Amino acid sequence: MKMKPPEVIAAAALGVGTSAILSVEQIKHGLTNDSWRVRTERDAVIVRASNRSEETLRIDRMSEARVLAAVAAAGIGPEVLVCDPARHVLVTRDLGRTWSADDARVAGNIERIARLLRRLHALPAPTGVRTVDLVETMRGYLKSLDERGRQTAATAQRTRERGEHAALALRQHAVACLCHNDVHHLNVVDGDTLRLIDWEYSGIGEPMFDLASICVYHQYDRAERERLLDAYGAGVGATAIHRLELACWLFDYIRELWGEVRCQKV
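Residue numbers (the working numbering): 1 to 266.
It should be emphasised that the hints constitute simulated quantities derived from the structure, not laboratory data. Keep in mind that this is a model prediction, so the values were computed, not measured. Every clue listed holds true.
Derived lysine-lysine pairs resembling DSSO-like cross-links, with alpha carbons at most 30 Å apart:
hint: 1; residue 1: Lys28; residue 2: Lys2
hint: 2; residue 1: Lys143; residue 2: Lys28
hint: 3; residue 1: Lys4; residue 2: Lys28
All chains should be modelled from the sequences, with the hints used to inform the complete structure.
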């Protein structure tokens with residue numbers, strides 16, 4: 001079924017006619033989603049339409065919908081106006097300015113994002129949210145690449161074995177909780193308070209993986225990683241630092257596999 005124009009979707013979500021729409025701006029055109037910022041005189045919303053096979057990229061829209069409801073209620077995610085996984089449509093309130101890459105390196109902001117992640121990880125797990133098993137995620141991406149005959153440095157046997165070891169090591173002493181799993185500056189909105197957007201890879205998983213994501217995306221050095229850990233409440237002891245380093249390597253590896261899979265025709 002062909003998707004309705006974003007201004008029609010936004011108008012219906014806001015309960016206004018399309019004549020009230022002042023502007024429609026495409027803000028993302030990617031392999032997984034198309035997104036638009038739609039404005040009226042009083043409101044601004046984000047309309048997102050999925051445009052790619054979700055199973056291959058390990059995206060579960062029903063699970064995402066349940067996460068969105070939980071994080072919106074907790075003041076950690078955006079207000080949801082429409083969430084229709086069957087039609088692959090999501091409409092959320094536009095929260096405003098996202099961080100820049102430089103914002104993510106400011107010492108005070110490192111502490112703020114750590115505290116936000118601590119709040120997220122303390123939330124009760126919503127019913128029906130998927131479990132993000134890092135071992136299975138890695139194996140799933142590798143299977144997709146193997147089926148297409150894709151051979152890269154990331155699919156080499158030695159690298160696979162290192163990935164398996166890292167993922168299994170993180171399982172030890174793990175405390176599963178609700179995680180975002182893709183924390184970078186464009187997914188952090190800074191208004192009256194910090195909030196996270198783009199929850200499509202969220203699920204019940206390893207909290208250190210969330211911390212690792214922002215470390216890897218923004219190339220945090222040792223001092224910045226320790227600041228993040230300390231503000232999060234994990235301390236800067238050898239065990240916490242080792243787990244974060246392990247998670248950072250694994251996040252970078254899984255991100256590389258994801259990038260390879262994303263580029264394949266499905």
